[in-house]
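Given the coordinates of chain A, assemble chains B and C onto it according to the supplied hints.
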Amino acid sequence: MISLPELTFVGILPALLLCAAGVVILVVGWFLRRGVLVVSCAVGIVGIAAALIANNPLRFANDSAFSNMLAVDAYSWFLNIVILIAAGLTILMSVRYLEDEGIAMYEYFVLVLFAAAGMMFMVGGDHILMIYIGLETLSISIYILAGGLPESVKSKEAAMKYLILGGFASGMFLYGAALLFGAAGTLSLTGLAKHFQAGQVGLLAKAGMGLILVGFCFKVSAVPFHMWTPDVYDGAPTPLTAFMSVGVKAAAFAAFVRVFFEALTQFQVDWTQILWALAVLTMILGNVAAVVQENIKRMLAYSSIAHAGYILIGMIAGGKAGISGVLYYLLAYTFTNLGAFGIVALVGRKGEARIMLKDYRGLGNSNPLLAVAMSIFMFSLAGIPPTAGFIGKFTIFSAALAQGYIWLVIIAVLTSIVSVFYYFRVIMKMYMETPETQPAALQLSPATAAALIISTAGVLYIGIFPTTYLGLALESVKPLF
Amino acid sequence: MELVYFYILSFIVVVSAVFVVFLRRPLHNVLFMILTMIGVACLMLQLEAEFIAMVQLIVYAGAVMVLFLFVVMLVNITQADLLSQLSAVRGWAGALVAFAIFGVILTVFKVGGQTAAPQAQAAQHLTNTELVARELFTTYLLPFEVASVLLLAAIIGAVILVRKGR
Amino acid sequence: MAESYFPIMVILLLSAFIGVAIVALSTLLGRNRPSEVKLMPYECGMDPIGDARRRFSVRFFLTGMLFIIFDIEIIFLYPWAIIYDKLMFFGFVEMLIFVAILAVGLAHVWKKGALEWE
Numbered sequence: 001m002i003s004l005p006e007l008t009f010v011g012i013l014p015a016l017l018l019c020a021a022g023v024v025i026l027v028v029g030w031f032l033r034r035g036v037l038v039v040s041c042a043v044g045i046v047g048i049a050a051a052l053i054a055n056n057p058l059r060f061a062n063d064s065a066f067s068n069m070l071a072v073d074a075y076s077w078f079l080n081i082v083i084l085i086a087a088g089l090t091i092l093m094s095v096r097y098l099e100d101e102g103i104a105m106y107e108y109f110v111l112v113l114f115a116a117a118g119m120m121f122m123v124g125g126d127h128i129l130m131i132y133i134g135l136e137t138l139s140i141s142i143y144i145l146a147g148g149l150p151e152s153v154k155s156k157e158a159a160m161k162y163l164i165l166g167g168f169a170s171g172m173f174l175y176g177a178a179l180l181f182g183a184a185g186t187l188s189l190t191g192l193a194k195h196f197q198a199g200q201v202g203l204l205a206k207a208g209m210g211l212i213l214v215g216f217c218f219k220v221s222a223v224p225f226h227m228w229t230p231d232v233y234d235g236a237p238t239p240l241t242a243f244m245s246v247g248v249k250a251a252a253f254a255a256f257v258r259v260f261f262e263a264l265t266q267f268q269v270d271w272t273q274i275l276w277a278l279a280v281l282t283m284i285l286g287n288v289a290a291v292v293q294e295n296i297k298r299m300l301a302y303s304s305i306a307h308a309g310y311i312l313i314g315m316i317a318g319g320k321a322g323i324s325g326v327l328y329y330l331l332a333y334t335f336t337n338l339g340a341f342g343i344v345a346l347v348g349r350k351g352e353a354r355i356m357l358k359d360y361r362g363l364g365n366s367n368p369l370l371a372v373a374m375s376i377f378m379f380s381l382a383g384i385p386p387t388a389g390f391i392g393k394f395t396i397f398s399a400a401l402a403q404g405y406i407w408l409v410i411i412a413v414l415t416s417i418v419s420v421f422y423y424f425r426v427i428m429k430m431y432m433e434t435p436e437t438q439p440a441a442l443q444l445s446p447a448t449a450a451a452l453i454i455s456t457a458g459v460l461y462i463g464i465f466p467t468t469y470l471g472l473a474l475e476s477v478k479p480l481f
Numbered sequence: 482m483e484l485v486y487f488y489i490l491s492f493i494v495v496v497s498a499v500f501v502v503f504l505r506r507p508l509h510n511v512l513f514m515i516l517t518m519i520g521v522a523c524l525m526l527q528l529e530a531e532f533i534a535m536v537q538l539i540v541y542a543g544a545v546m547v548l549f550l551f552v553v554m555l556v557n558i559t560q561a562d563l564l565s566q567l568s569a570v571r572g573w574a575g576a577l578v579a580f581a582i583f584g585v586i587l588t589v590f591k592v593g594g595q596t597a598a599p600q601a602q603a604a605q606h607l608t609n610t611e612l613v614a615r616e617l618f619t620t621y622l623l624p625f626e627v628a629s630v631l632l633l634a635a636i637i638g639a640v641i642l643v644r645k646g647r
Numbered sequence: 648m649a650e651s652y653f654p655i656m657v658i659l660l661l662s663a664f665i666g667v668a669i670v671a672l673s674t675l676l677g678r679n680r681p682s683e684v685k686l687m688p689y690e691c692g693m694d695p696i697g698d699a700r701r702r703f704s705v706r707f708f709l710t711g712m713l714f715i716i717f718d719i720e721i722i723f724l725y726p727w728a729i730i731y732d733k734l735m736f737f738g739f740v741e742m743l744i745f746v747a748i749l750a751v752g753l754a755h756v757w758k759k760g761a762l763e764w765e
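Sequences listed follow chains A, B and C, in order. Per this note's numbering, the very first residue in the first sequence carries number 1; after that it's consecutive. Per this note's numbering, the very first residue in the second sequence carries number 482; after that it's consecutive. Per this note's numbering, the very first residue in the third sequence carries number 648; after that it's consecutive.
Bound-form chain A, shown alone (with noise of 0.2 Å):
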């Protein structure tokens, strides 16, 4: 006879819920005709809201589900999350900007109830394998979202540049997959754990490490893996290029975090120097680039790469302290980026016209809230106090110094040092520059103003009151050590 498998549900619920969501808005999407962006997106919230709320029992669990398949456990709870806030306010945000292109494609919304859902398999696969399926749901959604402006030659461009460069990406983890597989007989990240620790780590072992991290590396962008990510982020739907630049990244530390350091820890030697130099490479290039980028949306593109160097550095960093960091900043950067996302797909209007950093010229003037929000955005990337980014950089890099990594922090420091420039540069435009014609002031729909004002007060309020969320974080990460 065949043992069957237990069922238990907790651990996939929230997932189910956005699932549920999704098929959902597919069935309401055959048979209205007019507002069915709204009702979608509607329905989307509530199911985001329901999968918040069967998120919770997370917390306290420390299981695993599914024949070990699943982890049931904090750092699941607090990474799903922030996958949820970024679903979320992309969402909120997405309704106005579809209406405005004029794209009554309501399957946006569900591509992205099931990316978030594919999110949040990877964030608590157990097993190399679920880890995959999670990505590969994720990918495939976004590869869709990310061409989805009908008109724009860019975004077709955007879209096959991802396919490709995503299919080599998952290519080189299943083939550091396979090679994992081939040494250890099994994929189970505790598996391999236990196969490792019994001293049998090979050559064999070590290039599937290798293959993996670079699967990893090409999703959450780091150099020398990065080259598809400002071409990407330029052609992309703006609030789709918000949910990339959070969420997919979120995601992709969160499964990197768990697979390197619940089952790869006998390598920690190995893959902490690789990821040094990455680390450094990523900082260094992305500040670089981003200083001379004229298109906002590339420029947020190679900051977007430059913040995974940061967050590289908590890995590196490793241990409590280190890994508590790096959630801690996922959570302040998907706060602070989706919401300076959201700003430029306000002020791109129709078809992202004015997508350039002199478009912000007189904002302060004609706008004067929304450049407040973007202000304060632009700081917290900069990571200048009082706001999240700051916390969260303060928090990484004394990980990194209790740890002896004092030269990683010097660059680390240096680079952000070059960050607060070009950051800097689009408040100087917004409250310096006056342009040759003042636009006319730009509207605000209720679901965009939601959107931006969680995200702003997001970003102040852990980023004044850190302590209960580094807290927070600190406890999410006791599962893995």
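Keep in mind that the hints were calculated from the coordinates and are not lab data. Note that the Cβ used here is the ideal one computed from N, Cα and C, for glycine as well. Please note that a few of the clues may not be correct.
[To be verified] Residues from chain C that keep clear of chain B, each with C-beta distances beyond 10 Å, as calculated:
| # | residue |
| --- | --- |
| 1 | 662 |
| 2 | 665 |
| 3 | 666 |
| 4 | 673 |
| 5 | 681 |
| 6 | 684 |
| 7 | 685 |
| 8 | 689 |
| 9 | 691 |
| 10 | 719 |
[What the hints assert, rightly or not] Below 30 Å or equal to it, Euclidean Cα-Cα: the simulated DSBU-like pairs (lysine-lysine) are:
| # | chain 1 | residue 1 | chain 2 | residue 2 |
| --- | --- | --- | --- | --- |
| 11 | A | 194 | A | 478 |
| 12 | A | 206 | A | 194 |
| 13 | A | 478 | A | 156 |
| 14 | C | 685 | A | 350 |
| 15 | A | 206 | A | 320 |
| 16 | A | 320 | A | 154 |
| 17 | A | 194 | B | 591 |
| 18 | A | 156 | C | 685 |
| 19 | A | 320 | A | 161 |
| 20 | C | 685 | A | 161 |
| 21 | B | 591 | A | 206 |
| 22 | A | 320 | A | 194 |
| 23 | A | 320 | A | 156 |
| 24 | A | 161 | A | 358 |
| 25 | C | 759 | A | 154 |
| 26 | A | 156 | C | 758 |
| 27 | A | 358 | A | 478 |
| 28 | A | 154 | A | 358 |
| 29 | A | 161 | A | 350 |
[To be verified] Now the stretches of chain A that chain B is said to cover, found in silico as 3 or more residues with beta-carbon under 8 Å:
| # | stretch |
| --- | --- |
| 30 | 65-71 |
| 31 | 99-113 |
| 32 | 121-134 |
| 33 | 202-214 |
| 34 | 264-278 |
Then chains B and C, alone, in the frame of chain A:
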């Protein structure tokens, strides 16, 4: 005898893979890729992995390659277009990278250290397909169900792509 | 185990041999005297207009994509059918969920008119 079969099959696979890369007409490349897939399927059979062999035949040699053919016919690139876009430097760089990867993989397999046999070998009296089935529908239940969501996303994507193609 | 595939191998080899032999023999033995009329695709009937390699409609591509997706779906049904008698109700439900989710996809394709050829 096993070894002889193996070498014959590998020869077919490698030679047709070389043809895939170097032949001039896209259509021929696709046809040789089908041959490569069939060869790989036969190699799988030799490893007594019948299920994978059949998947290789039905999904790859069948469905995926049909799609490739459609794409070739849809895009309808003549060889002149393709050649004009390839610079020699890139070609050599690609070859170099390919050989470097080949070298690395060869070293890894030569001195890779011991490999561990997967646990599923224990139940030898079962056919391969049944073994796969037992694992797939019990241990790997969750990835299997998530795969259906993945396929649904792909279906939605296919519909979106073509709607815009009009 | 692998011996049972011997007949299939014989068939493969035989068909490869016959295919090659027919082409090779006809080029070696046949006389090759081409003329314009002989080289036309149809010796009698319509005169060809333009190249045979025309662009295909994107519809074929969609059909191909949907074919792959549902092909992958049925691939999962084979192993399921083998152990269905052992999984019983459990197996029934898990496959029901899988197929139901994909049925939503099929309905979506249908509803969106992607199956209509115009």
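Status of the hints after comparison with the structure:
no. : hint            : result
1   : 662             : holds (12 Å)
2   : 665             : holds (17 Å)
3   : 666             : holds (12 Å)
4   : 673             : holds (20 Å)
5   : 681             : holds (21 Å)
6   : 684             : holds (26 Å)
7   : 685             : holds (23 Å)
8   : 689             : holds (21 Å)
9   : 691             : holds (27 Å)
10  : 719             : violated (6 Å)
11  : A/194 <-> A/478 : holds (19 Å)
12  : A/206 <-> A/194 : holds (16 Å)
13  : A/478 <-> A/156 : violated (43 Å)
14  : C/685 <-> A/350 : violated (60 Å)
15  : A/206 <-> A/320 : holds (24 Å)
16  : A/320 <-> A/154 : violated (42 Å)
17  : A/194 <-> B/591 : holds (24 Å)
18  : A/156 <-> C/685 : violated (46 Å)
19  : A/320 <-> A/161 : violated (37 Å)
20  : C/685 <-> A/161 : violated (47 Å)
21  : B/591 <-> A/206 : holds (14 Å)
22  : A/320 <-> A/194 : holds (21 Å)
23  : A/320 <-> A/156 : violated (42 Å)
24  : A/161 <-> A/358 : holds (27 Å)
25  : C/759 <-> A/154 : holds (26 Å)
26  : A/156 <-> C/758 : holds (25 Å)
27  : A/358 <-> A/478 : violated (47 Å)
28  : A/154 <-> A/358 : holds (20 Å)
29  : A/161 <-> A/350 : holds (24 Å)
30  : 65-71           : holds (count 5)
31  : 99-113          : holds (count 4)
32  : 121-134         : holds (count 6)
33  : 202-214         : holds (count 5)
34  : 264-278         : violated (count 0)
Checked against the numbered hints listed earlier, the structure breaks hints 10, 13, 14, 16, 18, 19, 20, 23, 27 and 34; every other hint is satisfied.
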